[in-house]
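Residue numbers (this note's numbering), protein chains in the order written: chain R, 877 to 1024; chain D, 877 to 1024; chain S, 877 to 1024; chain C, 877 to 1024.
There may be inaccurate statements among the hints.
Partial chain S-side listing against chain R, Cβ under 8 Å, derived [as the list claims (entries may be wrong)]:
| hint | residue |
| --- | --- |
| 1 | Ala-974 |
| 2 | Gln-976 |
| 3 | Val-978 |
| 4 | Ala-979 |
| 5 | Val-993 |
| 6 | Arg-994 |
| 7 | Ala-996 |
| 8 | Phe-1001 |
| 9 | Glu-1003 |
| 10 | Val-1013 |
| 11 | His-1016 |
| 12 | Ile-1018 |
| 13 | Thr-1020 |
Because the hints were derived from the structure by calculation, they are not lab data.
A virtual CB, placed ideally from N, CA and C, is assigned to each residue, including glycine.
There are 4 protein chains.
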Amino acid sequence: MSTADPARLTGEQQLRRRAAIPGLLVQTPYLAWLGLQVQRYEPDDVATRLPFRVELSNDGSTYHGGVIGAVIDTTGALAAWSNHDFERGTRSSTVSMALQYVAASTGGDLLCRARTVRRARELVFTEITASDESGRVLAHGIQTYRIA
Amino acid sequence: MSTADPARLTGEQQLRRRAAIPGLLVQTPYLAWLGLQVQRYEPDDVATRLPFRVELSNDGSTYHGGVIGAVIDTTGALAAWSNHDFERGTRSSTVSMALQYVAASTGGDLLCRARTVRRARELVFTEITASDESGRVLAHGIQTYRIA
Amino acid sequence: MSTADPARLTGEQQLRRRAAIPGLLVQTPYLAWLGLQVQRYEPDDVATRLPFRVELSNDGSTYHGGVIGAVIDTTGALAAWSNHDFERGTRSSTVSMALQYVAASTGGDLLCRARTVRRARELVFTEITASDESGRVLAHGIQTYRIA
Amino acid sequence: MSTADPARLTGEQQLRRRAAIPGLLVQTPYLAWLGLQVQRYEPDDVATRLPFRVELSNDGSTYHGGVIGAVIDTTGALAAWSNHDFERGTRSSTVSMALQYVAASTGGDLLCRARTVRRARELVFTEITASDESGRVLAHGIQTYRIA
Chain R
877 MSTADPARLT GEQQLRRRAA IPGLLVQTPY LAWLGLQVQR YEPDDVATRL PFRVELSNDG
937 STYHGGVIGA VIDTTGALAA WSNHDFERGT RSSTVSMALQ YVAASTGGDL LCRARTVRRA
997 RELVFTEITA SDESGRVLAH GIQTYRIA
Chain D
877 MSTADPARLT GEQQLRRRAA IPGLLVQTPY LAWLGLQVQR YEPDDVATRL PFRVELSNDG
937 STYHGGVIGA VIDTTGALAA WSNHDFERGT RSSTVSMALQ YVAASTGGDL LCRARTVRRA
997 RELVFTEITA SDESGRVLAH GIQTYRIA
Chain S
877 MSTADPARLT GEQQLRRRAA IPGLLVQTPY LAWLGLQVQR YEPDDVATRL PFRVELSNDG
937 STYHGGVIGA VIDTTGALAA WSNHDFERGT RSSTVSMALQ YVAASTGGDL LCRARTVRRA
997 RELVFTEITA SDESGRVLAH GIQTYRIA
Chain C
877 MSTADPARLT GEQQLRRRAA IPGLLVQTPY LAWLGLQVQR YEPDDVATRL PFRVELSNDG
937 STYHGGVIGA VIDTTGALAA WSNHDFERGT RSSTVSMALQ YVAASTGGDL LCRARTVRRA
997 RELVFTEITA SDESGRVLAH GIQTYRIA
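Let the hints inform the model, and build the full structure from the sequences given.
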């Protein structure tokens, strides 16, 4: 009745842990308040949607840049988790992120896609694009995320 | 009867317009929800405080990175406005921002300082530091803000 | 025999001006020393190659990060020029750039691709990827370039 | 006659190793070609100078942005090394860097200052400013450097 070595996860255990992340993440206080939805969570390929609310805006229709930044950050983090090897640890944080705000939003939901550019030992490099519902790019970013 | 040329503001008009910005900004929907407070608004030198609330956190005590990013973005924007020449226009947006998350917060208010590195014609370059109440740096960023 | 209004360029004049940029750029002193080659220069889609030389390295085989940064910066700038409307001016500079160094190079030429994410009035937002000859990504960046 | 545990360096050994870094770095091929000089190398506080040469320019007088980026990257790296604990390893690389080009240079040497914002376990966060000889800021950056 020995338990499995935590450093030797089966493929199934890895998949189950990975799969649990989005549900855990969106229940954390700030993301629950934002109302972020995970729409796609494939290995290294993630999509989220943020339903529009006036409280997320500057002026009733344009998202505050900080809201877009939070969604980009979180969607990049999900890309990092989406193919993570849980034998390498679970302590995580964003190390750095750079954003370009390329157009102002004009109402409607925010759609975000992230992909992994590369996985190094502790660091995962992601790229993230935020668009409006018509597909127009609003912001674009690169993120360095650490899980160890 | 004659109105002043809008492109020829007196020094007093400039000062009044600048001084109005913080009050307007913190009433916009997202910032009002955050509860951001402007504590210092000198030319090119701004400080803000975000009182801690569980809703702003990942886990009840650590700020979500996106909240810190929003405060950094807004504090940088305030630095840009704090010495702005209103004859140059009032349409504004963050063009780009890069952040480093250098330590996790562990509860308590978030304190943010921004200064202007340089003003070009339409672009203002700012640098922003976010700390906890003990002065420990949590995040550090550079921002390009546009007012035109 | 009046000359054409400089602000009213024909389509052919636009194309000719755009087409002249790569040749001019690679003859500027630093890029000529680097030996940068432009391999593809389609609208918003540019590829460059940097033939390896020991002088560009840290140690005889790994590119100095600053060399990779210079190639990323220049390739992004070429993407900005590759579809530029010359009626909007020709004074140019990089406003901001963020880079991730995701893997160390191990010899061989550096290949760089850039695309335009969005064109605003004076600002062009580009994304750039640098790879080795096997296609492995070495660095990844986003750039804000200004032409006015 | 036991040798010292390599993981237990004396204070003097630490100082000697740290002190050796600038001399080693400026002899690497690319930096030797640039001609970078280290003018100050105090713990977490570094200054460098790049003597102007036409080959480093776009046009005979303005530095190529990639040259400024290389100097910023290297000066940040030196700040990371300047107070490094050599028991934590010596494999190093820049993880990410974000730059703002705030003014064009107009000839003369490039002066660069870097300081450490924070040291985490493997990551060092630095801030770097490049100026001309009159003290005018030309570029400003933040860097995440890894030594492990």
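Flag every earlier hint the structure violates by its number, smallest first.
none
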